[in-house]
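As a plain string of letters, each chain reads:
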Amino acid sequence: MAAAVAMAARGCGGVWRRARQRGAGQPGPRLGPFPRGQRAVACNARGGAVPAGKSGLVPWVPVVGLEIHAQISSNSKLFSGSQVQFAAPPNSLVSFFDASLPGTLPMKSCAFFYIMCSFNGPAGNRLLGSCTVQNKMDKVLFLFQNAVLNRRCVEAAVMTGLALNCSINKKSLFDRKHYFYADLPAGYQITQQRVPIAVNGSLSYSLCIDNKMSQMVTKTVRIKQIQLEQDSGKSLHDDTRSQTLVDLNRAGVGLMEVVMEPDMCCGEEAAAAVRELQLILQTLGSSQAVMAEGQLRVDANVSVHHPGEPYGVRTEVKNINSIRFLAKAIDYEIQRQIEELENGGTILNETRAFDSKLGCTVPMRDKEGKQDYRFMPEPNLPPLILYDAKSLPANMNHQQVINIDWIHERLPDLPSVKRKKLVEQYGILPEHSFTLLNEDGLAEFFESVVKQTQMKPKKVIGWILKDLLSYLKQHSLTVKESPVSSFLLADLLNLLEKKEISSPAAKQVFMELWKGEGKTPLEIVKEQKLGLLQDQKELEQICQAVIDGQENEVMAIKAGNQKVLNKLIGLVQKKTEGRSNPVLVKQLLEKKLSE
Amino acid sequence: MGVGIKTRSGSGRVATARLSAQPGGPRSQWAAAFLAALPIVPRGVAARWRRAAAAPGEGEGRSAGVRRRRRAGGAMLRTSLRQVSAALKDGRVTPTELCQRCLALIKTTKFLNAYITVAEETALKQAEESEKRYKRGQPLGILDGIPIAVKDNFNTAGIETTCASNMLKGYISPYNATVVQKLLDQGAVLLGKTNLDEFAMGSGSTDGVFGPVRNPWSYSKQYKDKSVPKSHSEDEESNWVITGGSSGGSAAAVSSFTCFAALGSDTGGSTRNPAAHCGVVGLKPTYGLISRHGLIPLVNSMDVPGILTRCVDDAAVLLGSLAGHDPKDSTTIQDDFKPFEIPNLTDFSKLSIGIPKEYHAPGLSSEILALWSKAADLFKNAGAKVVEVSLPHTRYSIVCYHVLCTAEVASNMARFDGLEYGHRSDMKDSTESMYAATRREGFNDVVRGRILSGNYFLLKQNYEKYFVKAQKVRRLIANDFVKVFRSGVDILLTPTTLSDAALYTEFIQEDNRTRSAQDDILTQAANMAGLPAINVPTALSERGLPVGLQFIGRSFQEKQLLTVAKWFEKQVQFPVIQLEEVKRHDSGVFQHKKSASFS
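Taken in sequence, the protein lines are chains H and E. Reading the first sequence from the start, the letters are residues 3 to 597 in our numbering. Reading the second sequence from the start, the letters are residues 347 to 945 in our numbering.
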């Protein structure tokens, strides 16, 4: 049984395998889904064919789809003028609409803009479907109508849609999604179910095989749609006093829900895809996308099936608050489902929560039962109309409309493009470009250093990744918090490049710089006498003295044992307190020995 | 095309009524003439439609005018809004006096149950403020100092807003509905909140938690003279008729002279229907013309704030002060609304009145049919083109409305979970059981029934079958109107109700759903299409109860609609309700004046 579990964990090419327990009247002791040392590992990175199953082994295909909620980085909420702020005092940022007081309608303050919307007749008529050309011609019934919506939120969604290769719907609609929950004061959420703002996109992401940075593959997940919607409030459960406290500060904040097709098959793929999305959102500035602060929330839909059979019943895993836990939660869930099925059980279409302490998923009690969200068009919001260069009416004030083409032209370089540019421009390895982009500000730091030094970028990257980054990580600092600025590091690297200091001395200077005492590398070099001996005659004399004192070694070298030369070099280094250039020392020694 | 409204006589014989209007003649004869004419309508005998000496808006048309001259401030309550506004301006009455007299009348007519909340204190304060403005010579406009009432499904800051439901009993909103705010900003004095069916779901104003509203006409001389108790054992107590609904409280308030105008709401006819039964003007403006912000919704895509007044001119005043874009309601139109005074209709040659044949619905009373026919002839004789038109899909309007209304109700009522506001059950077993108990205790059967069916229609497996289909039908209904108006028709003329007001005891024999389906039949389609429509009180029935006719106009063509309505109003000279209570109060002004003059 343990072996079988191990097999499952080793699944490849999108197929996980496990011995099917035929007629298992007494299943063995239930093992944790991830027995020590057998953690399910991303597997289909190679994307290879399904290995032929050994007899008694039936392969499983896990299917993973993601629904990602990204909080739009905006000063105010989607349909109300309330501010958006993380960790504000509870219920301090709540308008009447946010609290769903009777009679309130989705609106915004005068600081908001209007989107021109058109529909025939009263707004109610829009429920009847798109207007016919004939109706549009009817001047009596044809109106221009202004909808209310936070412009910033719409732009963020359009940017994100474009960055994810989506087609942007020039007309999108809002719907109500109904469910009862303490932090959903209206009893429904305004979302875009029927016609969302963006559809049919894709996201490319890379991941490495077997944790080797050198073996990276690129995969693509299809984006089904991006929809604008309202966030809910927060419920805080006080189990000891058995009460629930509700904070509505978050209620009504604009969200983008990115729905991914079930194109992934393990936790690591999902994690890589989410990481890439996170980078894109942060590059665009459309969301801060910090998972720990709930700005990026990922729900995973997981199912398993045998190859050639229809997809299995899926579960939805929620409460995942880091990318690491996402991978863990998905892999746990895959494993759990396989075990459940192989033990003769069935998978329930249920919502499960990931318990990060226990490392497992558990059914969410309050989300039990099949939910029917009873979607309905939101009658208080006319359609959201966007324009492109072609459809933009000539006399339209551009402040009043959103022009998709205008946004497209101004999209910043996306992470994939940035990486490509880094590789092409600086000749660094692709995997290094990933590391550079993975740390906020590191690529900029790198580029800044490169600009200020004569050292080749290929050498600079070593200092950035091996020295700077590992120091930062050791001290849990961000790039911005680094005590060594790009300017200081460039200075240091220039000293090294000009051969004024040796490599070990440079590391010593770096350590000094890290203390952040405000000294320049040159000052440190002088203070600690780390500069290389620039006087060749002095060096020659030292070399000669070493040769003179080491008769045996000289004999050995002359007899052909070149390895011994290193000992002599070391001795010279010792005498110069490391301030000699080993290459030069070697040359001098060789010259003298051959004389 | 000959205008004919086919009437079914008792014997099943179909005859065409040809009633001509003949200008001139004493005004007082009209009602009697109409009633007398009824039996002979099928025989095609013309009833005399007398031209009035003056329209109500013009001051001297009503008996009140005489008394007013006799004693300053007397009979003030029975005048129109415009007239009383002029009196305030001239100093013939002060806002405080007016307010006190209205409040006193509200107390005397308490048995009507028209008001849920009387905001005596704030009303008097508002009146005082108004008085100061008048003294400074700086009134805010025509509405300054005018006592008004608001249906209790509009939010009013500081004054309870209940929707006649246990769910919101005691609920005090922190904000004013846009329409309420606009009225207050223009100096109106808010007397109180009027009764309705719970959450405006009903057509009788009988299904609220505060009990049914009684039609003031039940206590009128006109009704008492005509109605003969069925048996001697039946006392007057069981002889009262309903107001219609759901804005029955507002209609009763205007009809019984306790306020000069009232706000109602109209989703399927809730303003026009009680207006017809209570003999007042009820205007449902075009969807999108008046803000819904603060109106507790029934069906968002059909709700409009309604206006109830004594005469068409007053409705235009209210419309002018309420219409326009509201950033808080994104379905209001952007275009500026220009308040207007209703011009006199003189040129009939370009006016085309449509008579939709489908409005000759089963159950339409013969006297209303005759009245309708007579009204058509009135226009024809004045020189207007009167044509029969067809709105073939109107007959699906009720069933379509049933699906769309309940679906939106299910959605809109979801917020009443007992957490943020309103009733919360003591049930503490779980959040879900608390929700369930709260909603069971908070809503009546009608509301719960609609929520249940609405949720059924919205279920994933039913959505296409019911909701989407109903939306398509709604489009067909709306397109019917588009076609008719495109064919050159300006205004449609229809009955507002199938009959005059029912006895309460009879009305409650049927359940709310059946009643609503029957009563909304003539008014509902205008909501489907978002069109403006108005009830104009037209005559008294055989029972001495008001009967009204409805005019439906093109979208945003309120001016044209009201122009035609005003002309018609002037022709029919609807009689003034004769109420003992009002007579007493409207003449007893000096007592109040004395106490008020020192404040």
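To be clear, the hints were calculated from the coordinates, so they are not data collected in a lab. Just to be clear, a hint being listed does not mean it is correct.
[Said to hold, decoys possible] The calculated lysine-lysine pairs, modelled on BS3-like cross-linking and capped at a C-alpha distance of 27 Å, are:
no.	chain 1	residue 1	chain 2	residue 2
1	E	K528	H	K173
2	E	K774	H	K172
3	H	K236	E	K774
4	H	K179	E	K806
5	H	K565	H	K594
6	H	K320	E	K806
7	E	K815	H	K172
8	E	K806	H	K173
9	E	K815	H	K179
Small disclaimer: the values here were computed from a predicted structure and weren't measured.
Quiz prompt | Hint numbers not upheld by this structure, sorted from lowest to highest | solution = 1 and 2
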